[in-house]
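Novice: In case you want the letters, here they are:
Number of protein chains: 2
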Amino acid sequence: MPHRHPAERYGRVYVLRLGHRPERDKRITTHVGLVARAFGANGFVLADICDEHVMASIRGVLERWGGRMHLECGVPGKRYVRDWKRSGGEVIHLTMYGLHVDDVIGVIRESPRPKLIVVGAEKVPWFYYEEADYNVAIGNQPHSEVAALAVFLDRLYMGEELRMEFPGARLRIVPSPRGKRVVSLERGEEVGEVDGE
Amino acid sequence: MPHRHPAERYGRVYVLRLGHRPERDKRITTHVGLVARAFGANGFVLADICDEHVMASIRGVLERWGGRMHLECGVPGKRYVRDWKRSGGEVIHLTMYGLHVDDVIGVIRESPRPKLIVVGAEKVPWFYYEEADYNVAIGNQPHSEVAALAVFLDRLYMGEELRMEFPGARLRIVPSPRGKRVVSLERGEEVGEVDGE
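Protein chains in written order, with my numbering: chain A, 221 to 417; chain B, 221 to 417.
Hints in this document: simulated from the structure, not taken from any laboratory. Be aware that a few hints might be false.
You can't tell identical chains apart in this list, so a pair holds if it fits in one copy or across any two.
[What the hints assert, rightly or not] Calculated lysine-lysine pairs in the DSS-like style (CA-CA distance at most 30 angstroms, straight line):
id: 1; residue 1: Lys-343; residue 2: Lys-246
id: 2; residue 1: Lys-305; residue 2: Lys-400
id: 3; residue 1: Lys-246; residue 2: Lys-400
All chains, please: the whole structure from these sequences, using the hints.
Specialist: This is how it looks when you write it as structure tokens:
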């Protein structure tokens with residue numbers, strides 16, 4: 221059943237984004253949050269700081285495009301990781317220094333434990349490398365935490381996440397070879413394009 | 221041979237990033253460029269504007285971590301697309317309104333024509349939808365052009381890109397379950413971690 225949320229089968233998956241330098245990384249953090257939602261995570265937690273712009277962007281997408289995702293910000297990152305492990309979950313830290321994703325994803329996928337995916341900004345404290353059950357590299361090259369999260373979730377769910385439907389959506393896209401076709405699920409009819417998305 | 225550059229087999233692949241609002245999208249554009257390199261594109265072209273910070277970041281990564289990639293900025297985006305098509309190439313525009321990547325990637329992969337992947341910022345002019353040979357969605361949900369490019373290239377190269385080696389690299393990571401292990405290929409020995417990456 222490709223349209224169910226993959227997490228129903230694979231268990232709870234949260235993304236923990238480590239605190240960012242507010243101005244510089246704001247847009248990146250928003251992208252991390254939107255990727256978390258679109259690629260099937262059930263939670264997005266912004267550690268250490270609370271950025272209302274970022275959280276509002278993600279909430280806005282959830283309202284228009286649907287999906288249920290736990291949202292939280294300002295929690296102390298280290299404590300969150302410790303609590304996650306204490307309650308039986310496992311922690312996966314995405315880093316270019318880690319083991320190649322294709323060498324560990326099978327083991328991670330088969331584990332039924334709730335998964336916390338830690339996505340750092342630059343200069344991740346050593347603590348996260350040590351506490352992680354898995355340090356995982358999406359290729360051992362520098363690129364982007366946004367890309368790393370997307371490819372990790374895509375591997376975890378074996379591509380099924382890109383077919384899932386989002387409960388509570390008000391809008392849905394009709395895939396199109398050329399135009400912009402959007403259906404309002406409330407009105408049951410096609411509407412114009414959606415600004416800014 | 222998983223370590224050869226996938227483009228040797230699949231033909232030339234360039235990424236055209238449409239001009240951005242310099243301050244707001246600078247970091248996102250840098251991530252797009254780094255993903256282009258790490259996921260096996262052979263060219264990164266920043267349309268319409270030239271941002272020296274962005275270009276310097278990407279050049280710095282090429283110098284330290286290797287790889288050959290054509291870099292260019294400030295070219296008029298529309299003309300670049302027209303010229304690409306005129307010289308026999310095809311144009312793939314990544315947009316959430318497009319056809320689902322898994323429905324078209326097979327055809328795209330089999331075509332021997334050079335590929336220009338257009339990655340927009342917000343509000344992409346209609347021109348690109350019309351000129352593209354393929355408008356492709358990485359799932360029909362709003363998320364991130366960084367994620368979209370990574371997953372598109374990962375599908376195109378069937379994951380092989382994450383194993384490729386980069387010619388001319390001065391540094392290489394030794395995948396590690398916990399630490400940060402980096403080898404200097406010039407000195408032939410392990411060095412400490414690399415700051416800021």
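Novice: Under a CA distance limit of 30 angstroms, which applies to Lys-305 and Lys-400: within one copy, between copies, both, or neither?
Specialist: Result: close only across copies, 23 angstroms inter versus 44 angstroms intra.
Novice: When no copy is specified for Lys-246 and Lys-400, does a C-alpha distance of 30 angstroms or less occur within a copy, between copies, both, or neither?
Specialist: both (28 angstroms within a copy, 26 angstroms between copies)
Novice: Taking 30 angstroms as the upper bound on the Cα-Cα distance, should Lys-343 and Lys-246 be classified as within, between, both, or neither?
Specialist: This pair counts as both: shortest intra-copy Cα distance 16 angstroms, inter-copy 20 angstroms.
Going down the numbered hints, you'll see the structure goes against none, and every one checks out.
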